[in-house]
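Here is what each chain is made of, one letter per residue.
Protein chains: 4
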Amino acid sequence: MVAMPVGPEHATLLVSCPDRRGIVAALAQVLYGHGANILDSDQHTDPVAALFFQRIRFDLAELQTDRLTLERAIAEVAERLGMQYRLLYANRPKRVAVFVSRYDHCLYDLLLRHRAREFACEVALIVSNHTELESVAREFGIRFALFPIDPSNKAEQERREIELLDSEGIDLVVLARYMQIVGEEMVTRYAGHIINIHHSFLPAFVGGKPYQQAYERGVKLIGATAHYATKQLDEGPIIEQDVVRCSHRDAVEDLVRKGRDLEKLVLARAVRSHLDDRVLVYGNKTVVFG
Amino acid sequence: MVAMPVGPEHATLLVSCPDRRGIVAALAQVLYGHGANILDSDQHTDPVAALFFQRIRFDLAELQTDRLTLERAIAEVAERLGMQYRLLYANRPKRVAVFVSRYDHCLYDLLLRHRAREFACEVALIVSNHTELESVAREFGIRFALFPIDPSNKAEQERREIELLDSEGIDLVVLARYMQIVGEEMVTRYAGHIINIHHSFLPAFVGGKPYQQAYERGVKLIGATAHYATKQLDEGPIIEQDVVRCSHRDAVEDLVRKGRDLEKLVLARAVRSHLDDRVLVYGNKTVVFG
Amino acid sequence: MVAMPVGPEHATLLVSCPDRRGIVAALAQVLYGHGANILDSDQHTDPVAALFFQRIRFDLAELQTDRLTLERAIAEVAERLGMQYRLLYANRPKRVAVFVSRYDHCLYDLLLRHRAREFACEVALIVSNHTELESVAREFGIRFALFPIDPSNKAEQERREIELLDSEGIDLVVLARYMQIVGEEMVTRYAGHIINIHHSFLPAFVGGKPYQQAYERGVKLIGATAHYATKQLDEGPIIEQDVVRCSHRDAVEDLVRKGRDLEKLVLARAVRSHLDDRVLVYGNKTVVFG
Amino acid sequence: MVAMPVGPEHATLLVSCPDRRGIVAALAQVLYGHGANILDSDQHTDPVAALFFQRIRFDLAELQTDRLTLERAIAEVAERLGMQYRLLYANRPKRVAVFVSRYDHCLYDLLLRHRAREFACEVALIVSNHTELESVAREFGIRFALFPIDPSNKAEQERREIELLDSEGIDLVVLARYMQIVGEEMVTRYAGHIINIHHSFLPAFVGGKPYQQAYERGVKLIGATAHYATKQLDEGPIIEQDVVRCSHRDAVEDLVRKGRDLEKLVLARAVRSHLDDRVLVYGNKTVVFG
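So the sequences go chain by chain: A, B, C and D. Under the numbering used here, the residues of the first sequence are numbered 1288 to 1577, in order. Under the numbering used here, the residues of the second sequence are numbered 1288 to 1577, in order. Under the numbering used here, the residues of the third sequence are numbered 1288 to 1577, in order. Under the numbering used here, the residues of the fourth sequence are numbered 1288 to 1577, in order.
Treat the hints with caution; some may be incorrect.
Because identical chains cannot be distinguished in the list, a pair is counted as satisfied if it fits within a single copy or across any two copies.
As the list claims (entries may be wrong) - Here are the computed lysine to aspartate or glutamate pairs in the EDC-like style, where the Cα-Cα straight-line distance is at most 20 Å:
1) K1496 x E1363
2) K1496 x D1564
3) K1441 x E1522
4) K1496 x E1421
5) K1441 x D1306
6) K1572 x D1537
7) K1572 x E1540
8) K1496 x E1296
Hints are computed from structural coordinates only; laboratory data are not their basis.
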């Protein structure tokens, strides 16, 4: 199940390093020198952290050397300028695992968007601690892996989940209203590769039952937040947020209903940004190139 | 300085009481019976709190009795049905005091809206702990009262402020980015009549420097919240909130700049709702009729 | 397939009439007099058109007479005050037909919301001029009716569609990106009961290919509009609209993608308002009670 | 009256040209080679028009040659690659003329933002066809030039206005709800340097009285559009748009009131983008770098 085959000869270079002069020219030069054609380039300097970030998308169709030679040249520049970087080729679509429990709205939303070719990825796997959504997996022809979890087996089941993710070569885990706290081992191993959707505009209403909390506080907006999962629950780097207006007329179940739409939209935008290699994490923040 | 003389014969009745059958009919009947013509009526039932709320705006131009007789009849119904209520006549515009420190954007915004007849009130007074904005008061022809505050005189100055508010017959105090915590005595005496603007989407980023906090957390939206001031700082009933999108490109000073627009809009909407007698407070929440 | 059984003893009265005094009291009195308990009431006066509108939701559980007697009493008041009205009982959920062609996003969205109990209706029928979405109908267990249309058979096919709608007792037709212009006969027969979704913020970009038009004009927002279908294409009374930001970076296919989300949200809100009996049409405008 | 002195050694290069490989590298190289440090770079390719656009902001503090030599080098690259470009130095703030008639909200908004250092410009001049806003000009210490206009003198007055703009070295004309159609001569001479605010979400409701038109059509959103003035009224390249929700409750005067907030925000964002050299016009569209 593969969607949206963007130019197979395209590649993306994501770079972060201490800010200094000459970075942009150095990277442009090395790419141009090998015949790679820059399609798109976006950059950002954080003056407080004194860090430089860049995303360069380029076309390899008329490369004058080969990929290996280009990779070596980039590695050299990176070492010289103290860069961290990732180089991603479009002809290798990312493999995604979606974790769910009983709520189906985010799952359906992701699968229908994928089918509509909004996401450049393979949905390789649906993982759940419950059986309810197995039929959805079947309907879309995706492997369903059941890991029932209770306090006694949680650690063991997560170990088995990690094994499955590893063996399936998963690049991105999407927690699509998965109702379990993901353990430290998985969060560490897949750091920066697990996106969670929280049903409030973090940092407001951390923890459980955010719609109930929002109702009790009497807010006039409710929100949703997509963030990378970290050891600190609800504290990971935020990728995307949005809100919708509510009023005294909205009971908790109205907030839940309005929130479903938000959760779907916010999660989908975050997943899309990640799949397009637009997100760079630093400290507890993100740069999301537009 | 008086603006927007809505029909001088109009009145508004704001009601809250335990929910029971027959309330709507009883109020409609008493008004109709005296020749008051209902212009607008909005109601709400909170099923969790089992409370009923109603706002009725009516025209007294063809009243068949007199105001006193009508008031007695309403009082009777109110007692029978266990209602709390307020009856407000449009021919007595509310008297407003604006508290400021050094920021001028909310003050200018309120005064220009008033001049454009967006608010049905008199701006009777500008109170400040600093001299900077005295020239703005002069420009708009409004009395400026200076109460410099330091830790040693804070209690005494607030007592004098309350005396001034009392003697001026102030109905509404607007804290337009006033950089002092208002003392318990004033908050108690003017409970439900002091509107504050907080520069975050509460309950996120309570306390000081919310834009700095937002920057550090890396949120993708910043917000502003207008609420009634209570003893618990930043915890009063929320009247209005809004947000604006931000990104990694926004430094703290960009958040401050974007936030100014939000603060102005959110505070103005809250003040307008209050002046139009659209807000009912219960517990720590509000009903804001549309 | 029935969802959201709101209190079976609830009813809604929708009223419009020339504005005059005493209307609110008269209706409240007749309901109270028969033991009907008003749950919710919202009203509006259009001062330009001099028209009065009201929506009253009430509970019949403790009716002291019977429905027929109440109906007669309401009819009497209506005649006396020159009212047009509709009385709708919640225990008779509306029957809905969804018209589609090849796009599946609005159809899926409506069906999933229905399954999540967001809509108080039965989805009785999916009508299409193409076979592509028959499998979706099957998946959700809904009757699928195929009416292939070409210039030579269009009038005849629409006649057969109307017969089917009539025989199925359809209350609401939802044109969920149905790619045919609905004929005058159907539009007249089901006036005020056909909701269409147009993929622009009407009245901008009427007619075909609105995303292409938006791209060419270089707008910074794209929109969607849900409206009742009328003889004048894209000119019917607007129920709901929304927009989303776009930029020079968005190609036509990005606008189409962003637009899908809008179309789904805007259509769903309009359908929900209609199903909740919140929409009153007058002239070419709507009152949508909140 | 000068605000926001951004680094005086900063410069911005705005480039557009037919898309071809090597552009990014060529520009990076020439700047780096002269010791100019790239601070920010944003680019865009329009695949339909086959055009390339770039905005590069750089620091000249450690320039190894001089400005003239750098300018020559850029001119050479530009000629070789068929580029159109503008080079702007931050130490020469733009000179702005604001045209007004009787509405003061956009004028106050611009002047207060300028005073709050949101705009990098001098406000050199306020031009009006009426006397009403002269006092505002005086209050902010800005030259006020009165050009009363009637059908008989319109051409002559505009000629005098152009002379004034020329002699004052005006870089940007802001039509802040100026209630005259600007003549062809001025629009041609200052093409791409006149920003107008239109009080609807263009292309809906072109021409006069857009709020009245919006009211009659019964839209659920009203908007505002900032665009460059061109010969075709209301058809110039759009820089910024936004909308706000309205409902059946809003009379025309409510739309006007809500619209004022939109007009201020949208115009201010467009002016800021222009002053920051973020806007490139091509055909009837704009690229607005973020």
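Against the structure, the hints:
{"no.": "1", "hint": "K1496 x E1363", "in the structure": "neither (50 Å within a copy, 43 Å between copies)"}
{"no.": "2", "hint": "K1496 x D1564", "in the structure": "neither (32 Å within a copy, 31 Å between copies)"}
{"no.": "3", "hint": "K1441 x E1522", "in the structure": "neither (22 Å within a copy, 39 Å between copies)"}
{"no.": "4", "hint": "K1496 x E1421", "in the structure": "neither (26 Å within a copy, 39 Å between copies)"}
{"no.": "5", "hint": "K1441 x D1306", "in the structure": "neither (44 Å within a copy, 47 Å between copies)"}
{"no.": "6", "hint": "K1572 x D1537", "in the structure": "between (33 Å within a copy, 13 Å between copies)"}
{"no.": "7", "hint": "K1572 x E1540", "in the structure": "between (32 Å within a copy, 18 Å between copies)"}
{"no.": "8", "hint": "K1496 x E1296", "in the structure": "neither (46 Å within a copy, 32 Å between copies)"}
Hints 1, 2, 3, 4, 5, 8, counting from the list given before, are not met by this structure.
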